[in-house]
Amino acid sequence: MGVFLEVVLPIISVFIIGYVLQKWRHLDVKPVSAVTIYVFIPFLVFDAFYYEEFSSDFGIVVVSCFALLFATITLIKLLKWVLKWDQAEESGMILSTAFMNAGNYGTPIIMFALNEEAFNYAIIFMSIQTIIMNVFGVYYASRGGYEIRYAISAVFKMPATYAILLGIGLNLLDINLHTSVLDMVEFMSAVALPLMMIVLGMQLANITFDKFEIGKVMTGTVIKLLVMPIMAWGLVMLLPVSDLLGKVIILQAAMPAAATTTMFALEFKARPDLVSSVTLVTTVLSVVTISVLLYVLV
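First residue of the sequence shown? That's 1 in full-length UniProt numbering, and the numbers climb one at a time after it.
Everything labelled a hint here was simulated from the structure, so no lab data went into it. Worth double-checking, as some hints may not be accurate.
[Claimed, not checked] BS3-like cross-link-like pairs, simulated, lysine-lysine; straight-line CA separation at most 30 Å: (1) K84 x K269; (2) K269 x K80; (3) K30 x K269; (4) K30 x K157.
Could you put together the complete structure from these sequences and hints?
Below is the structure:
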């Protein structure tokens with residue numbers, strides 16, 4: 001109960017503020033989301049990569065993100081063959097399960113539960129996950145109607161991509177920015193996290209679904225909240241990771257479905273009812289599963 005009160009409840013409270021605000025005022029979430037994505041998140045990821053010491057841990061984060069992605073996609077393809085899903089159902093299930101909410105949810109949870117070093121790992125995980133989601137998420141949402149180059153181009157339209165490259169470049173070249181510049185970056189990056197959390201609450205308030213397919217929703221929920229953290233635990237056992245990084249990888253893998261995938265599904269008509277249902281159910285149930293996992297890990 002202590003873990004829930006000290007870590008999970010403060011995070012959920014911010015989500016609820018965004019949820020209530022949206023239900024009350026019915027605001028347009030897109031401008032708020034755009035400001036978050038195009039202004040504040042780039043400062044957050046730049047701050048992380050500028051100070052990152054590119055040890056083997058960085059490579060392990062990248063490997064972990066891709067390993068979890070491909071393991072989940074393989075599982076969904078196996079279930080498609082067993083349960084006779086069509087391509088649209090397969091795409092919807094991949095969107096629902098393969099991409100975790102590493103930013104709006106995972107990063108603040110790790111910040112509250114662990115320490116600053118873990119928080120930096122979480123931001124790097126979030127950054128890699130965002131790039132992966134903008135390529136593979138767009139691909140699976142749009143396949144059949146769009147070329148893969150559309151998904152690739154989406155990554156290069158995101159300011160965070162250039163913030164990552166700039167942060168890595170300045171870091172590797174050992175270029176020291178003026179203190180006033182770094183203070184401004186830190187000030188802007190501090191806004192990103194609470195704003196991301198408010199936006200998630202607003203996005204959840206906007207989720208609607210016409211048809212609740214309980215079988216597929218529960219399948220997606222079990223994969224997202226139970227199977228993925230177990231896969232991450234197995235991965236951590238195989239890789240030469242520190243105890244702290246291992247906890248970050250497992251916690252990020254246990255996060256609910258990313259709300260961004262609902263927008264992809266809506267835009268490309270890739271079973272948005274199914275994707276939004278899994279997103280909402282996993283987010284609600286994660287209050288319990290994340291609390292239990294934190295109790296075990298922390």
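A quick look at each hint next to the structure:
1. Annotation: proposed proximity of K84 to K269 holds, straight-line Cα distance about 20 Å (limit 30 Å).
2. Only pairs whose Cα atoms come within 30 Å are accepted, and K269 paired with K80 is accepted, the gap being roughly 19 Å.
3. In summary, the hint linking K30 to K269 is supported, as the alpha carbons are separated by about 18 Å, within the 30 Å threshold.
4. The hinted pair formed by K30 and K157 meets the criterion: a straight-line CA distance of about 16 Å does not exceed 30 Å.
Hint violations for this structure: none, all hints satisfied.
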